[in-house]
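Chain residues, written in single-letter form:
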Amino acid sequence: MSKEEVRLFIGPQHPGVTGNMSVEVLLRGDTITWARTHIGYLHRGFEKLMERKIFIKSFPLVCRICVPEPDTNEENFARGLEELAGIEIPERAKWIRTLVLELSRLQMFIMWYGGIAGSMGLSTPVQWGIGDRDYILDLFEELTGGRIYHIYIMPGGVRKDLPEGFEERVLKVMDMVERRLPEYDEIIMENAVVQKRLKGLAKIPKEWVDEMGLTGPVARACGFPYDVRKDHPYEAYPHLDFDVITEDGCDAWSMLLVRRREIDLSIDLIRQIIEKMPRGEFLAPLPNVLYWKIPPGETYVKSESTRGEYGFYVVTDGSDKPRRVHVNGPSFVHGITLLERLLVGQNIADVAPIMVSLQTCPPEMER
Amino acid sequence: MGLKEVLKPLGAWRQIARKPHTILVPRTPREAAERYRGFHVNDLEKCIGCGTCAAVCPNEAIDMVPVEGIEPRKGDSGFRPRIDYGRCCWCGLCVDSCPTTSLRMTNEYIWVRETPDDFVYIPGYDIKGFEEKEKGYRKEKDHSFTHYQRVPMRELPPEERVESFAEVVLGYAEEEARREADRCVGCGLCIAGCPDRMHIPDYIRAIASGEYARSVNIMYENNPFAELCGKVCTRRCESYCSLGHEGDPVAIRWLKRFATERFSDLKEVIKVRKAEAKDRSVGIIGAGPGGLTAAYYLALRGYKVTVYEAMPEPGGMTMAGIPKYRFPFPSLKKQVDFILSQGVELKLNYYVDPEKFRELMDRHDAIYIGVGLMKPWTLGVPGEDHPNVIYAIDFLRKVNFNEPVEIGKKVVVIGGGDVAMDAARVSRRLKAEVIVAYRRRKVDMPADHEEIEGAEEEGVEIWEKIIPIRVEDAPEGKVKLVYGKAKMVDQGPGRRPKPVLIEGEEYELVVDRIIVAIGQQADLSFLPEDVAEKIETERGRIKVNHRQMTSYPGIFAGGDVANRVADAISAIADGLRAVKGIELYFQGEVD
Ligand SMILES: Cc1cc2nc3c(=O)[nH]c(=O)nc-3n(C[C@H](O)[C@H](O)[C@H](O)COP(=O)(O)OP(=O)(O)OC[C@H]3O[C@@H](n4cnc5c(N)ncnc54)[C@H](O)[C@@H]3O)c2cc1C
Ligand code: SF4
Ligand code: SF4
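As you go down the protein sequences, you meet chains A and U in turn. What the first sequence shows, in our numbering, is residues 260 to 626, in sequence order. What the second sequence shows, in our numbering, is residues 1118 to 1708, in sequence order.
Hints in this document: simulated from the structure, not taken from any laboratory. Some hints here could point you the wrong way.
Calculated Cβ distances over 10 Å to all of chain U for the following chain A residues [what the hints assert, rightly or not]: (1) P271; (2) Y300; (3) K316; (4) S317; (5) G345; (6) E350; (7) E470; (8) M471; (9) K489; (10) D510; (11) P546; (12) H585.
Only pairs whose alpha carbons sit at most 20 Å apart, straight line, appear in this in silico PhoX-like list of lysine-lysine [as the list claims (entries may be wrong)]: (13) K1492(U) - K1515(U); (14) K1258(U) - K419(A); (15) K580(A) - K552(A); (16) K455(A) - K1492(U).
Glycine included, every Cβ here is placed at the ideal spot set by N, Cα and C.
Starting from the given sequences, assemble the full structure and let the hints guide the process.
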């Protein structure tokens, strides 16, 4: 650090939806010359805790690895265990899981949509995003018994079937969201401030996608058509009709476009799921969960979270607890590897929109 | 980009005219969803304190605590779950695991108090005001973690059964046994139901994980007749199983049978630890399950043991009474041989009379009396001495010892207990037409319901409310039972209705044999008079203390002769308890 540089901590509070994390930067004037990501005392030892818990006891835990989008964790861990234990789950369970995953993606993207505006000081959409997301949380409450932590996807399927008339209520909320979206677009996408600030911001060199292993909307905004739902389909995704969304501006604006289009896609997928969902059982019989032992083995299961490829590496050793669980959250590369390099040369005022554009969920960096 | 993009965001003002997303709490109440996971409630009457909720709780939020007004009893630990809401994460795993479905959650989520202590409480006991709320997360029985359905046991079809004395129950296959064993939640409430306090959850869990030898070793820690119990035990434990409240209890008996039957040579499986030889000796009268259990554990503790048995084979009533289609001879032999291999001396055809008893008193440092109940109760009606009136235990003993028995084409068995069912089903196998005549109603019969069903499937007819009046001779070598009918007279709440003879009516039944199966009594004529005087009895049975010692120091007793619960496992438990008693007696502790 030279005398002309100032060291500054930005965060952990900021108007946006990056979660509890901060960046330490060196500034020369308004320009960043160096950046480090700090996630503070966020480490809660999830992975280690799981090694000491019988499998079922980890379900109320894994969902907490990403607060706003817990279901990916539940689904991945459940699918991993099912694979290792050789449990076939009923067809309907796969569809219900997919519905949950898409509802989860949708509410996360809506919140993010408000959040990106918030990162530029536009606080109205933040309130909207949180308000409208709540109607989806109402659906979760009705379906799972919890608004935030659902603990609904379990090995073998899901914990309960859809309540009476649930499908219609989902469709109603979808219609409502669809009606609202043009209003969001008006104040975000069609806003001169947003366009001016995001277009060309945080330009990612294309080769970084491969080098760093970028995934999700970040990679798709760089023109890489990679989507786990399409490339390694799981649950009911093989039966759904959709195209992978890409943009090729490689900048914050393209990431915004991808995520905005993902909202439309999720609504479409949710409608498809409701139309095509088969009847039948929703939970396969499990062994006695108090004493459930899984034969030795290892697996890596992955899915598409709103942030990108999400994965669970699970090792079992024949006992009633996992030998090792490693959670691979996309925020690790996006929020550390990528962010630290991307910030160099940027203006201090753009730190917040860049952080939000990369859409981080800090607990998945330090599990 | 132009002026449009500058003006467009002003559209947000439209929102001003709309209703807000938010509501004013508490002015506007908001009820949570039907299956919301809110504060718990527990039906304390239904809860049995099994602790499954505490075992599954990922946050150790549940402590099992004693509750005023709820006493521990068989099948109920007396504890109730107390939840610490500083730890609870509202996952509801406890609800999904509760075998009785007593625990559920309400959809109540607002509850404000000043002190944190208010958030540690016993749902259902500490009344919080939302107990009556019907809505909230509940367990769905069909889709819960609890496996309520028992793996069915395969049996020989009835028409095949009556053709021979082949074992009726076919046993579990390995996969079935492991599946059945895996249902056990491990609460251990069954243990209190077992007279012998076997380590049930432990040996069941061992079966579930395929460790059969370990399982059998656990059984042998306090029961050297595990296979016997696996086949014919009265299985009191099963009636305390926590799964039995909403589903089928775990098939504890059949699981024991499965594990023990896998090993044909017990010497290879059971790891015995034998104590150093001691110079005290114990004489045991009667080679029933009680006497042999005492002999086994005394031998393991290094004592010299001699068992005196009047019959030509050991096993007591399990040899002479229980029919072979329930308990085959090779199984008994395998278990007894293993006991004898521990250095137990057995003298067969050795009836202990008063004189011999005195000899034994000189020869041994302690005596255990396990002579069972060898004398049948009689009907006490005129004409009972007719040669065609026989007694179930004599009849069964002859059949079991392959002695010739002649019962003709039609018999009536008088009685309603398990011995009556055995006599009836054995008679069916001897090709007789069988009527069971019982003085109360079928629902009142003390016999195991499985035995009653089995008998009926095999073609046994059951007549209710029959009271024998007298026995008369009948032509062609037959015998006539003259009987009346009973009416059931209510005896007030909590008491069985009493059968009372309807006067003035008489009916007749002509059969080849009348088999009397109304119970057995002790025959204590082998005791020398002076000893008999000092040994207290109670309603025909020898009185013993909590260590099985009679009022005559050094003389112990157990099993049917002392225990009103006359079944094999009680006899085994008595035998085991007596070992401890005898050891303490040797150490000088008289009481
Ligand atoms: C027909 C029948 C069916 C039964 N079915 C079952 C069942 O399914 N499940 C169950 O749990 N229980 C059953 N029982 C009861 C069970 O068999 C007894 O509870 C158990 O055997 C009692 O054991 P014990 O050690 O007290 O003596 P017992 O088994 O009664 O043995 C006593 C032994 O002492 C011997 N003996 C008596 N007097 C002398 C003497 N003076 N000298 C030398 N030896 C003597 C006898 O010959 C006998 O061998 C049944 C009983 C009968 C009669
Ligand atoms: S699991 Fe159910 S029955 Fe058992 S202690 Fe808990 S609340 Fe009571
Ligand atoms: S809801 Fe979950 S955390 Fe709370 S007491 Fe039940 S099992 Fe424990």
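Consistency of the hints with the structure:
no.: 1; hint: P271; verdict: 24 Å, holds
no.: 2; hint: Y300; verdict: 20 Å, holds
no.: 3; hint: K316; verdict: 4 Å, violated
no.: 4; hint: S317; verdict: 7 Å, violated
no.: 5; hint: G345; verdict: 14 Å, holds
no.: 6; hint: E350; verdict: 16 Å, holds
no.: 7; hint: E470; verdict: 34 Å, holds
no.: 8; hint: M471; verdict: 32 Å, holds
no.: 9; hint: K489; verdict: 32 Å, holds
no.: 10; hint: D510; verdict: 16 Å, holds
no.: 11; hint: P546; verdict: 6 Å, violated
no.: 12; hint: H585; verdict: 20 Å, holds
no.: 13; hint: K1492(U) - K1515(U); verdict: 15 Å, holds
no.: 14; hint: K1258(U) - K419(A); verdict: 11 Å, holds
no.: 15; hint: K580(A) - K552(A); verdict: 7 Å, holds
no.: 16; hint: K455(A) - K1492(U); verdict: 106 Å, violated
This entry does not satisfy hints 3, 4, 11 and 16, going by the numbered hints stated previously.
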